[in-house]
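*Asks:* First to last, the sequence lines map onto chains A and B.
Here my numbering is used: the first residue of the first sequence is 1, the next is one more, and so on.
Here my numbering is used: the first residue of the second sequence is 1001, the next is one more, and so on.
In silico lysine to any residue, SDA-like type, Cα no more than 20 angstroms apart, as pairs:
#1 Lys1044(B) / Trp1055(B)
#2 Lys188(A) / Pro1399(B)
#3 Lys188(A) / Leu1392(B)
Read the hints as simulated data drawn from the structure, not as lab findings.
Protein chains: 2
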Amino acid sequence: MTHLECARCGARADASKIANLCPACSGPYLVRYDLERMRTSTPKSVLYGRQASLWRYRELLPVQDHENIVSLGEPNTPLYEVPVLGDKLGMHRLSVKDEGLLPTGSFKARGAAVGVTRAGELGVTTIALPTAGNAGAAWAAYGARAGIGVVVAMPASTPDVIQRETASYGARVYLVDGSISDAGALIKQACAEHGWYDASTLKEPYRIEGKKTMGFELAEQQRWELPDVIVYPTGGGVGLIGMWKAFEELRALGWIGQKRPRFIAVQAAGCAPIVKAFHAEKEESEAWPDPTTFAAGLRVPKPLGDFLVLRILRESSGTAIDVSDERTRDMMRLAGTTEGLCLCPEGAAGFEGAYQLRQMGFIGEHEDVVVFNTGSGLKYAESLQGLPPVHLERGQAIPRIERQLEEPFDGHRPLVVEDDRLRVAPDEE
Amino acid sequence: MTHLECARCGARADASKIANLCPACSGPYLVRYDLERMRTSTPKSVLYGRQASLWRYRELLPVQDHENIVSLGEPNTPLYEVPVLGDKLGMHRLSVKDEGLLPTGSFKARGAAVGVTRAGELGVTTIALPTAGNAGAAWAAYGARAGIGVVVAMPASTPDVIQRETASYGARVYLVDGSISDAGALIKQACAEHGWYDASTLKEPYRIEGKKTMGFELAEQQRWELPDVIVYPTGGGVGLIGMWKAFEELRALGWIGQKRPRFIAVQAAGCAPIVKAFHAEKEESEAWPDPTTFAAGLRVPKPLGDFLVLRILRESSGTAIDVSDERTRDMMRLAGTTEGLCLCPEGAAGFEGAYQLRQMGFIGEHEDVVVFNTGSGLKYAESLQGLPPVHLERGQAIPRIERQLEEPFDGHRPLVVEDDRLRVAPDEE
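Pulled out of the complex, with its shape left as it was, chain A reads as follows (with noise of 0.2 angstroms):
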């Protein structure tokens, strides 16, 4: 690590001091690397043989003193096709990389392991940060682990799992009556007050550099070849700016050649900043007044990083795109059906925004696909969709299963239950 960088004006910073927004323009720092050195003295042999975690691309994060890392054993995610389903959707190389097997359940535990790496590192000693639910989760049990206090703001709608995993590592949980926007302001208002590190997206500059591991991973999976697509369900949006700083970083140092996806942020019609501004071509998005999905990670009405979001977007040749939450709830369901896939709804979402995709003839069915699923279904308890068990009364047996119909998914061919096993039912007459 060399300085950090405004995303927006280029200022510089020296990266061994806290630092928030820039302040000169207010832009989010970037964190920067030697990568012009780092391309003779650091071949992508350098990986070989070191644990599977993200910490094995220890040459591209910021941490200053390996002793220093604050880790609860981040595995890399597992990458594989999901073919029964890519079938039902038309898309024929179609994956998923889930997200869900990472400690506290999320991608967010990539960021809050390199964020509290680095607070710990800068001398910090409260944390404190807004959050749609996840991150406020990573942040506590990666703070757990560090000794550091951290003081969560999140809106009372969050889904309970969250809530109670959250205050579960020890942490101060605060519920707002509104957004992330709203408790924002309010983590802003007591950091100002209290001296507390503001550790909210992007005004801090190490959580996307733990989030861009995401890219690493997925290019090194994939053998240092990129996918066609990669479909991101976007609320704040900074895991899709950390894999195009990835990808960049790698091409940088020759590790993967000159091929760059397309960039697919797929946002919930309740919650669309993105895909209203792209669509209208806007540089910038702008507050969603009143957001409203069961898919919280995406409730995020002014992301920060919306610029840049909205540039990778353009400058991959990709597109956004939003997706009703009944859509996001069926598909939830085909998933576990098809492919035993516990799908966040935010990571449903996502394959429900690239079947759109593939339908209207954007995505090709045999394009190379890969949906990220942010986390894990099981924080989404009371959304998981299924056949409500039956309570068998006492003397009664289990009985044969019978034909049963799921419901019709949208024009696809339904599952069925046929000599007691689950089949996609063959094509209508």
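Following the hints, put chain B in place on chain A, whose structure we already have.
*Replies:* Then chain B, alone, in the frame of chain A:
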């Protein structure tokens, strides 16, 4: 894989056909390999460069053709030290192996991955099993991935998240008044009537082969040096049997030395058949009349493999201990606030059992102790412990953190917030 062998009477069976219990003595079958031949043909260097997944141990897994593997991308689960918690519990080399990071959020994924893979190879079209909760969820997920129908019977008291999760994979879920034993009787009857494959614990020989990979991973992560003590929360006990089998196999291959860890089985005071039998010097357990504990996975009144578990505890100079639900709840909180761990109740019971044995002197201060957290605390959301979130009224600011004592933990120094930071309280004068 060469054949199956009855763990009770030693009778052999053909591994290429469906086998449940030994027809001669009703004992469970164990899978056998030609370890003699492998000792020369298979050095541990075969693992080098392979993916960090349970399938890296493929030479010691019963899969016939690797094309048939049913996987949801099982990462190797992290093993790491928990020094702050260890300090509070008086153990200076205390580690956790966190099985909550597997697909479906528990170690049951290991058994289901291998079990469903083998069921598919054997031509099974419908799997049925009783479960205390997590096994049902895991088999449902892997069944969905394989296109095999799954029918699950579980106690009506199984945590809500797990019920919903299991149903979300398309499995048929039946709720039973009573314990997993009552559920097991119904499944047995249904399998006889409908021709389904009975995947009850140890009634098919492949689940244990998946679970033994916990032992392989532990050994490899410790650089082929086993720990002094392994603490395992014990319901059916298959994980413990699996690890013991794993170490026997590694020893036969010459991959590890002669050091044998002491195995400790931890159960809940409300369902402790193994503990009772162990201390009564019995060879088998008696059915526990009314299993009562919030640690759902420990509600197994009469494990089929009890005689093996008891034998392993004795041969390894280990022991068995039961702990109260109240102490288990305290431990969930302590692990969350000190280490950022989201333990399931079973895992927390394991830490509490270790702590009590340390107090008694059975575990030494400087011994290398590994506790298995068998699943994610997210699956027991209603049991997560923490300060309740504070709902802010509109216009209310986030207050400065006051000094606030967490409840003291059994004579240990309580946690306090001091200078906005979570600390272990100083010793009382």
